[in-house]
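Colleague: Knowing the structure of chain W, use the given hints to seat chains R and X on it.
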Amino acid sequence: MISENIIPLFVAIPLAGAFLTVLFKRIKGIPDTLGVMASAGAFALSILFVLKMEIGQRIIYNVGNWGGFQEVLGKIVGIQLVVDGLTTFMLVTVNLIAFLVAVYSISYMTRYTEKWQFYSLFLLMLAGMNGVLITGDMFNLFVFVEIASLASYALVAFGTEKRELEASFKYAVMGGIASLLILLGVIFLYSNTGTLNMGNMAKILDSSEEPVLIYLVFGLFLAGFGLKAAIIPFHAWLPDAHPSAPAPISAMLSGVLIKALGVYTLVRVFYCVFGFPEQVSSIFMTLGALSMIIAVLLALKQWDMKRLLAYHSISQIGYIILGFGIGSHLGIMGGLLHLFNHSVFKSLLFLNAGSLEYATGTRNLKEMGGLTKQMPVTSWTTLSASMSISGVPPFAGFWSKLIIILACIERGLWFYAIIAVLASILTLASFMKVTRYAFLGDIRKKLRNVVEVPVPMRIVMIILAIMCIFGGVLLLPGVRQGFLDQAVEVLSGVRGV
Amino acid sequence: MNAYMPYVLCTVLFCIGIYAILSKKNIIKIILGVVIAEYAVNLFLVLVAYKAGGRAAIFSETEVIYPESMVDPLPHALVLTSIVIGLATTAFLIALAIRLYGKYGTFDVTRMRELRG
Amino acid sequence: MSKEHEHGMTVIVKTVTRLTVGLIFLYGIYIILHGHLTPGGGFAGGVIIALSFMNLDLAFGGSVSAKVFSKGSTGVVEALGAVMFLALALIGLRYGGFFDNFLHPDGDPGQLVSAGIIPLENIAISLKVGAGLFGIFLTLIVLQKFESEKK
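Going down the list, the protein sequences come from chains W, R and X.
The opening position of the first sequence corresponds to residue 13 in this note's numbering, with each subsequent residue numbered one higher.
The opening position of the second sequence corresponds to residue 120 in this note's numbering, with each subsequent residue numbered one higher.
The opening position of the third sequence corresponds to residue 881 in this note's numbering, with each subsequent residue numbered one higher.
No lab work stands behind these hints, which were simulated from the structure alone.
Quick caveat, the model's predicted, so the values are computed rather than measured.
The beta carbon of each residue, even a glycine, is placed where N, CA and C say it ideally should be.
The reader is advised that the hints may include incorrect statements.
[To be verified] Only part of the chain X face toward chain W is listed, based on derived beta-carbon distances under 7 Å:
#1 G955
#2 A962
#3 V963
#4 L966
#5 F979
#6 D980
#7 F982
[To be verified] Derived pair list, reagent style DSSO-like, types lysine-lysine, alpha-carbon separation capped at 30 Å:
#8 W/K40 / X/K894
#9 X/K894 / W/K182
#10 W/K445 / W/K174
#11 W/K127 / X/K894
#12 W/K445 / W/K313
#13 X/K894 / X/K947
#14 W/K37 / X/K951
Only chain W is shown next, with the shape it has when bound in the complex (with noise of 0.2 Å):
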């Protein structure tokens, strides 16, 4: 049993932190040990929670001390922090993530001018992404979905040249409209059902009926939350979005925060507070689909490295939207597991497009070529998510891959297990690209002094790179038990799967 008093504090010390480094920004070497003291304290406690959370153990948090009056007038006042096994499973990949970042941006964002201002916006993107996993009530979530989007939408624009200005631009009016189309859905929620509370919510819905409304919810939703998952009809943002930023932020937006404010809301509404009703899953698994497959096609004729990857997180998003729409016990698993790799590879692509960029200046694959030998870190990592995010056994992306496609198997959805198989065919495809065109072949001439990228860059890089490699131990008796299980228990227990 742990203390209820830690739940505050995934939002309290992220928060403290990018405050902090607004007041000592003066002092040298604060606002990196601020930004990477605040994320490994919140990462420290995910871990803690992970170790000490009883099997099936859901932790009900009342903010503001405000349990006693519910006793008195029978009903939830207040803002609740719920968490559960979803929640520190997703809590446990953001922290990682961002903690990892931090480190590996002490060294590269000395590119840039006013480093404190990169890691306060990067902090309060943390915590706005940490808000959204622990509350459990539906207008706080808007609120820090909004924080996390307005501290990336600044993130993006951070380079301020033509391209981060426009990205931004883009990126800002569409995920205005997607707050808008939210707050529109918990408008009517609230108008319909009198409470803001996801628990009370499910119990009204559940027990009333009033159909019509409810799907003007859900496609408000689906809309909306949609756009900040990127999935394909409404992904136009991501491709500019994601290459414009910084690397270390193109791997947080495209590692954790799509996941976090898109996938996670996606389906923590709709399993736990509607019960992932039949027409939502036919929706979520041509979505999938349909992201899937575009997505890998368009990515097959980029030349710029970061925007290909960009449209690899659509392709990849497709696959866990795929996995949760086919809501089995395996499909769940599929795509938590594949949450989870895509959080680590993912972010591991976009840090190595950051290193080939600090180490020769550009991110055309057509101007690098033979760099093996000279940045072997950077090309052996490289490789090794290359070959985790293809789906090649025995990486770990192979194994997520593959639960996703058995679980349509298992349910005789022979269309989309085939979609899946040729889209992981054509990632191969794409990144065998990659690969080609950076690190084999001969080496051009300006590009002969070329030096590996400084050694905290490169630790973050093998960290990772070595939970590509052996991700798939999560999936072993003992290790499922604590962490993936509890996930999967908490989303297919809504289904009675």
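Modeller: Chains R and X in isolation, oriented as in the chain W frame:
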């Protein structure tokens, strides 16, 4: 009839906002579109919570106000939060617009063509 | 004519501003301190305070308002407000929970000094909002000057 008026009004306002975002070429007009759509949603939130003859949910020492005649204060708190968020988004978008103007010398989005493909 | 009349708007605007700006500022403080009793509170009061500074800036030009409240100090005050708000919330952890009202949990209706940490939090919010809004205003103004210089 009257009961549907808020819905109609807010839908019309929201659609005007979305129309401005989709069809206008000037960045400032796009931002205005976002603001109009945002205010349509905020207005909707307030109108949904409207109650004829309702009072603010604050007790007073000088007169007796019954809890039954009070409006639900929660939507008002929510709309304030949502306005604050809207303020931040708008301020950020305007700052971006000014920077973009500095780079391109125009507010016309059709002339900003760095990102293609 | 003293030197401060070279920038900003006409004498009429300056005179009216000189008379009203203090009142606007005081009204903002009133709204903040009565936030737990009457409609208003930290956010509304903070906006009013920021407006009084904006008024100063518009009427007298940037150099006068920079003496009172410069752009660098807006950032510091804003962060201070946020840290104060968070610290109040975290102190509550010691007594019973995040945002626990540890000073005066029950409150007396209609009394000014009776709401525990709520007025303190209102003050923190008003610092954050007032400085933040004025900072946004200054940022946009500075960018505009920078653009007109370039042309």
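Colleague: With reference to the structure, classify each hint as holding or not holding.
Modeller: Evaluated hints:
The interface hint given for X/G955 is met, as the beta carbon of that residue sits about 6 Å from the closest beta carbon of chain W, less than 7 Å. For X/A962, the interface hint holds, the least distance from its beta-carbon to any beta-carbon of chain W being 4 Å, beneath 7 Å. With a cut of 7 Å, the hint placing X/V963 at the interface with chain W holds, because the nearest CB-to-CB distance is about 5 Å. Hint on X/L966 holds. Least Cβ distance to chain W is approximately 6 Å, under the 7 Å limit.
Taken as an interface hint, X/F979 checks out: its beta carbon lies about 4 Å from the nearest beta carbon of chain W, inside 7 Å. Satisfaction of the interface hint for X/D980 is found here, the shortest Cβ-Cβ separation to chain W being roughly 4 Å, below the 7 Å cut-off. Nearest Cβ of chain W to the Cβ of X/F982: about 9 Å, over the 7 Å cut. The hint is violated. For the suggested pair W/K40 and X/K894, the alpha carbons sit about 42 Å apart, so the restraint of at most 30 Å is broken.
A threshold of 30 Å between alpha carbons decides the hint, and for X/K894 with W/K182 the separation of about 41 Å lies outside it, so the pair is violated. This hinted pair checks out: W/K445 and W/K174 have alpha carbons roughly 28 Å apart, not beyond 30 Å. Straight-line distance between C-alpha atoms of W/K127 and X/K894 comes to about 40 Å, which puts the hinted pair past the 30 Å bound. Annotation: proposed proximity of W/K445 to W/K313 holds, straight-line Cα distance about 10 Å (limit 30 Å).
Of the supplied pair hints, the one linking X/K894 and X/K947 holds, its CA atoms being roughly 17 Å apart against a limit of 30 Å. Restraint check for W/K37 and X/K951: the C-alpha separation of about 14 Å stays at or below 30 Å, so the hint holds.
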